[in-house]
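Peer 1: Put chain B on the given structure of chain A with help from the hints.
Protein chains: 2
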Amino acid sequence: MNLVRTFSDARASYKGTVALVPTMGFFHEGHLALMTAAQNSADTVVVSHFVNPLQFDNPADLERYPRDVERDMTIAEEAKVDVLFAPTSVEMIPQTPLTAVTVDGLTDTMEGVMRPGHFAGVATIVTKLFAGLQPHLAFFGRKDAQQLAVIRRLVLDLSFPVRVLAHPTVRESDGLALSSRNTLLTSEERLAARELSQGLFAAVTAVEAGERNGPRLESIVRGALHSSRPDYGELASQDRVERLSELDRPSFLAVAARVGKVRLIDNIAFDLAAGEVVADRGLRLKHPSLLYR
Amino acid sequence: MNLVRTFSDARASYKGTVALVPTMGFFHEGHLALMTAAQNSADTVVVSHFVNPLQFDNPADLERYPRDVERDMTIAEEAKVDVLFAPTSVEMIPQTPLTAVTVDGLTDTMEGVMRPGHFAGVATIVTKLFAGLQPHLAFFGRKDAQQLAVIRRLVLDLSFPVRVLAHPTVRESDGLALSSRNTLLTSEERLAARELSQGLFAAVTAVEAGERNGPRLESIVRGALHSSRPDYGELASQDRVERLSELDRPSFLAVAARVGKVRLIDNIAFDLAAGEVVADRGLRLKHPSLLYR
Chain A
1 MNLVRTFSDA RASYKGTVAL VPTMGFFHEG HLALMTAAQN SADTVVVSHF
51 VNPLQFDNPA DLERYPRDVE RDMTIAEEAK VDVLFAPTSV EMIPQTPLTA
101 VTVDGLTDTM EGVMRPGHFA GVATIVTKLF AGLQPHLAFF GRKDAQQLAV
151 IRRLVLDLSF PVRVLAHPTV RESDGLALSS RNTLLTSEER LAARELSQGL
201 FAAVTAVEAG ERNGPRLESI VRGALHSSRP DYGELASQDR VERLSELDRP
251 SFLAVAARVG KVRLIDNIAF DLAAGEVVAD RGLRLKHPSL LYR
Chain B
1001 MNLVRTFSDA RASYKGTVAL VPTMGFFHEG HLALMTAAQN SADTVVVSHF
1051 VNPLQFDNPA DLERYPRDVE RDMTIAEEAK VDVLFAPTSV EMIPQTPLTA
1101 VTVDGLTDTM EGVMRPGHFA GVATIVTKLF AGLQPHLAFF GRKDAQQLAV
1151 IRRLVLDLSF PVRVLAHPTV RESDGLALSS RNTLLTSEER LAARELSQGL
1201 FAAVTAVEAG ERNGPRLESI VRGALHSSRP DYGELASQDR VERLSELDRP
1251 SFLAVAARVG KVRLIDNIAF DLAAGEVVAD RGLRLKHPSL LYR
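Residue numbers (our numbering), protein chains in the order written: chain A, 1 to 293; chain B, 1001 to 1293.
Bound-form chain A, shown alone:
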């Protein structure tokens, strides 16, 4: 594995087609699934590793975001990643950036409302990664469904020759979506955290029984939150992130809640196949995540 610190060193290490897996590090099986998908699709896999300060609206959240570069290097090495791009802060943000990338319309609900400036921070850093690393493919997790919509739109609007591919959410054995932030939960909070996925899966059961009404699906999700403080439960279209009164197109049912000091998000994507609604439940680990190794 090549560990590189600069964009030009990353580009110099490429052979053939290049797939990018953008990450903020502290790898879990969700990241590993993206790395594997990338390896199956391209000659060179470059994993970027940078905790992007621009996308944190809350300084305390940025401060406590888990970081362990040594751990991540070992995991990336074991995963046979070709290039780990772990830029220094100076390489990534040499001075206060004056340039910002914004994506309107898709960002005025859910995470866009709860975390002001978050998506501008994401869009700016992803533009920078696409500009500087010039990948042919880029892999993102479906857990960040609104982010995925933002990035797909950004690629279209800015004509980046990058194919954006989404991968199902990877979950712990009890359903909790993997997130580096899960390591910040106390054991009591860890139990409460199950409410997010439990509500989503209850809604999937309702969908499979024929429920298509948006507000009713949203109430099922919010109704499951007892020990966690809900931020939102919302059904929205996958492309435009427009709230849906009916589940009649590719969509996602999203939930966000605060468990202690930790803010968690999750969602289930609904796709249409031959007129049928198909829920993407994600993948479920049978063993404890490497987050707790």
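Be a bit skeptical, because a hint or two may be false.
Said to hold, decoys possible - Example chain A residues on the side facing chain B (calculated, C-beta under 8 angstroms, incomplete): (1) F7; (2) Y14; (3) P97; (4) L98; (5) A100; (6) T102; (7) D104; (8) L106; (9) K128; (10) A131; (11) R153; (12) L154; (13) F160; (14) R163; (15) A166.
Keep in mind the hints are simulated off the structure, nothing from the lab. Here a beta-carbon is modelled for each residue, glycine too, at the ideal position from N, C-alpha and C.
Peer 2: Okay, now just chain B, sitting in the frame of chain A:
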């Protein structure tokens, strides 16, 4: 010459290193100078040809902006341009863009004030050209000094692996900076238009006599405008576009004025060489510009 309509066709036509000359068409000797500079620096020269609606704050200005693709194809062919990228509107802007690129700080004076939204339009389309065309080098005229600062900053902030090169302004024989908009002037207005460069050259004479005071240089420029209506006359630093009270660093003295319905801009760049101030007067044509051919 390859005439291409899509980003992917443009990229498929490259051999070796690639230099981009972004234009809005209706070529004049300023564009030809950029094409020649590009040919001297790269294996493939791609000239983009698109009147960018995003950068026009005034619909009437967009409407009357001169256009003649047949004329421009002939000129580009004669100039031995390798690739003329003349995208259709649908290729360039398939739907109302939701993504915008902004550059703060450098854009809150001069053109940024006079043309609200102009630099966001420029930054967005240049980001798109850099993203979609992936040039190694890009050539811009020094006539648009504030735009040059914006693009240099954008490249830095977004880590585009593009070297931005600036070329001196090309002027008609009486000093008027070449601009496609010059063709919109009546013969009376054409005479009045000389006031912009006359004021700038008078200021250069003062600088060469030792004048370094910003406001005094600005008054010389504004004092030359009699038949044209001044928008501004301003001395600013080249990198941060900060107004200068003293000419003590790389800077440009800029002027903008309205002549009839046509808005014109011009500037003289001042560089420092071994402690000496050197004015970039640009290049001057000895014959009528091909604008009038």
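Peer 1: All hints, please: hold or fail.
Peer 2: Against the structure, the hints come out as follows:
no.	hint	result
1	F7	holds, 5 angstroms
2	Y14	violated, 12 angstroms
3	P97	holds, 5 angstroms
4	L98	holds, 5 angstroms
5	A100	holds, 5 angstroms
6	T102	holds, 5 angstroms
7	D104	holds, 5 angstroms
8	L106	holds, 7 angstroms
9	K128	holds, 5 angstroms
10	A131	holds, 5 angstroms
11	R153	holds, 6 angstroms
12	L154	holds, 5 angstroms
13	F160	holds, 5 angstroms
14	R163	violated, 12 angstroms
15	A166	violated, 19 angstroms
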